[in-house]
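In case it helps, this note's numbering puts the sequence shown at residues 1050 to 1518.
Bear in mind the hints are in silico, worked out from the structure with no lab data behind them. As the structure is a prediction and not an experimental result, all values here were calculated from the model. It cannot be assumed that every hint is accurate.
Okay, derived cross-link-like pairs now, DSBU-like style, lysine-lysine, Cα gap no bigger than 35 angstroms in a straight line [unchecked claim]:
| hint | residue 1 | residue 2 |
| --- | --- | --- |
| 1 | Lys1486 | Lys1509 |
| 2 | Lys1276 | Lys1286 |
| 3 | Lys1062 | Lys1139 |
| 4 | Lys1139 | Lys1217 |
| 5 | Lys1507 | Lys1486 |
| 6 | Lys1276 | Lys1371 |
Label pairs and their calculated CB-CB ranges [claimed, not checked]:
| hint | residue 1 | residue 2 | range |
| --- | --- | --- | --- |
| 7 | Val1249 | Phe1177 | 44 to 52 angstroms |
| 8 | Val1330 | Leu1357 | 18 to 26 angstroms |
| 9 | Glu1237 | Pro1130 | 38 to 46 angstroms |
| 10 | Glu1238 | His1110 | 44 to 52 angstroms |
| 11 | Thr1216 | Thr1310 | 51 to 59 angstroms |
Here a beta-carbon is modelled for each residue, glycine too, at the ideal position from N, C-alpha and C.
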Amino acid sequence: MSVRSRTKASNDKDAHNLFAGPGEMCSRCLAFDWSSTPLGPVSRWSQSLRTTVSIMLGSRHPMFLWWGPELIQIFNDGYLPSFGTTGRDKLALGARGREHWAEIWPIIGPQIDGVMTRGEATWHEDHFVPIERNGRLDNVWWTYGYSPVRDDDGSIGGVLVVVQETTKRVMDAAERESLLAAERAAREEADIARDELTRVFASAPVAIAVFHGAELRFSVANPAYQKIVGGRNPVGKRLVEMFPDLAGSETEGILQRVFETGEPFAACDFLVSFDSQGSGVIDNYYDFVYQPLRGSGGIVRGIVAVALDVTERHNMIVERDKMLDTSEHALEAAEVASQAKSEFLAVMSHELRTPLTSIGGHSEILEMEIHGPLNPGQARTVSRIQQGKEHLLRLINEVLDYSRLEAGVVDLEISRVPLLEVLNTCESFMQPQMSAKGIAFNIEKFDELMVARGDYDKVKQIILNLLSN
1050 MSVRSRTKAS NDKDAHNLFA GPGEMCSRCL AFDWSSTPLG PVSRWSQSLR
1100 TTVSIMLGSR HPMFLWWGPE LIQIFNDGYL PSFGTTGRDK LALGARGREH
1150 WAEIWPIIGP QIDGVMTRGE ATWHEDHFVP IERNGRLDNV WWTYGYSPVR
1200 DDDGSIGGVL VVVQETTKRV MDAAERESLL AAERAAREEA DIARDELTRV
1250 FASAPVAIAV FHGAELRFSV ANPAYQKIVG GRNPVGKRLV EMFPDLAGSE
1300 TEGILQRVFE TGEPFAACDF LVSFDSQGSG VIDNYYDFVY QPLRGSGGIV
1350 RGIVAVALDV TERHNMIVER DKMLDTSEHA LEAAEVASQA KSEFLAVMSH
1400 ELRTPLTSIG GHSEILEMEI HGPLNPGQAR TVSRIQQGKE HLLRLINEVL
1450 DYSRLEAGVV DLEISRVPLL EVLNTCESFM QPQMSAKGIA FNIEKFDELM
1500 VARGDYDKVK QIILNLLSN
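Modelling step: build the complete structure from the supplied sequences, incorporating the hints.
Structure, rendered in structure tokens:
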């Protein structure tokens, strides 16, 4: 930038008169060597130029003047802060505008030319015109107007600039707008989040309610919650206003503690007795969680309540327990009956075995022919008596086996069972009954060596049962 600072003590009376006012720029203008500029000494300035400079220097509003074809610069005290703090103001007085403002001339040059050539005043509000100051290109906003100043002959002699830097106001407004935009975005996000939360609450299968304040006033109650309170909407009402039966109850006390301490509370199968349907107080059971709702600073503002009505489950468990208790009593009774049956069978076995033992003993004496020989018919009869006794003993044992089977204890003697022998024994035993009924027992095409694996007595009893039927 080709700018010279020129100072020379002025003896020009006109200069003393023009720059006699107070202020920094009056002193600088008086000390400046105006004869070194195209304007020449003050004594040769036109009256229009003197009047404009006098008005400008006497004003506290920032003002700036370009005069003549070279656009020589003069400005007042009000404009000094716009130069910054690096001394650019000392180079600006008396300098040519195009040279001094080279960095912004593409912006202001055409505006100045328009005023100088056509005499058209301009106005620019909050216009962005960056300038070099404080050692850098500074982003600056201005509100300014360019006005033509006519010389004594009526021609346009210069351009008067009335200017106000608005950088702080523009930046503050931009910051406010940014904050407002951020606030709007935050509100939109909050609205979206709230709408999403509302949809989640509405579709949740569990009852959800939100209480605000120490008075526990409902602010949210989803459809599932409204369902368990008889379809009523509690929003806007206090807990005890909606459910007077809960005033002073354990439930109200728990909610108050959660609000006061900020500690959550959870319970399962919790009894709450209140008029949920508007038709009288009934017992209801719930699984629920009370979670404190905190605001800024972590202060508890309310409570989120999530509840699941488990009354039906509770009643089913109670009914099941009753059935189990009944079953236990029935089992105890069955065990007593089983014990009595076992004792009865033991007594019966003893009472039946005694005469059978006697019968068996006398039959054996007959078979031994101690009292004399037996003819063939008598021998067969005695043999069948023995077989009948053995069969009856086996029946007694089987009755006892059924008892053992019910008790889960059965002894089986597994061995090789010769089937022909079993069939012959059964035929001999059943011969009197078959003869009486005219039934024949034939064994055809039978392998005499055929055996089965099982309990000998059980196999024989099966065959006897088949023949008896």
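Each hint tested on the structure:
A threshold of 35 angstroms between alpha carbons decides the hint, and for lysine 1486 with lysine 1509 the separation of about 22 angstroms falls inside it, so the pair holds. Of the supplied pair hints, the one linking lysine 1276 and lysine 1286 holds, its CA atoms being roughly 17 angstroms apart against a limit of 35 angstroms. The suggested pairing of lysine 1062 with lysine 1139 holds, with an alpha-carbon distance near 24 angstroms, which does not exceed 35 angstroms. About 25 angstroms separates the Cα atoms of lysine 1139 and lysine 1217, which keeps this hinted pair within 35 angstroms; it holds.
The hinted pair formed by lysine 1507 and lysine 1486 meets the criterion: a straight-line CA distance of about 26 angstroms does not exceed 35 angstroms. About 30 angstroms separates the Cα atoms of lysine 1276 and lysine 1371, which keeps this hinted pair within 35 angstroms; it holds. A C-beta distance of roughly 48 angstroms is found between valine 1249 and phenylalanine 1177, which places it inside the suggested range of 44 to 52 angstroms. Under the hint 18 to 26 angstroms, the C-beta atoms of valine 1330 and leucine 1357, about 21 angstroms apart, fit the expected range.
Distance hint check: the CB atoms of glutamate 1237 and proline 1130 are about 41 angstroms apart, consistent with the given range 38 to 46 angstroms. A beta carbon spacing of about 46 angstroms between glutamate 1238 and histidine 1110 agrees with the range 44 to 52 angstroms that was offered as a hint. Separated by about 53 angstroms at the C-beta atoms, threonine 1216 and threonine 1310 satisfy the suggested range of 51 to 59 angstroms.
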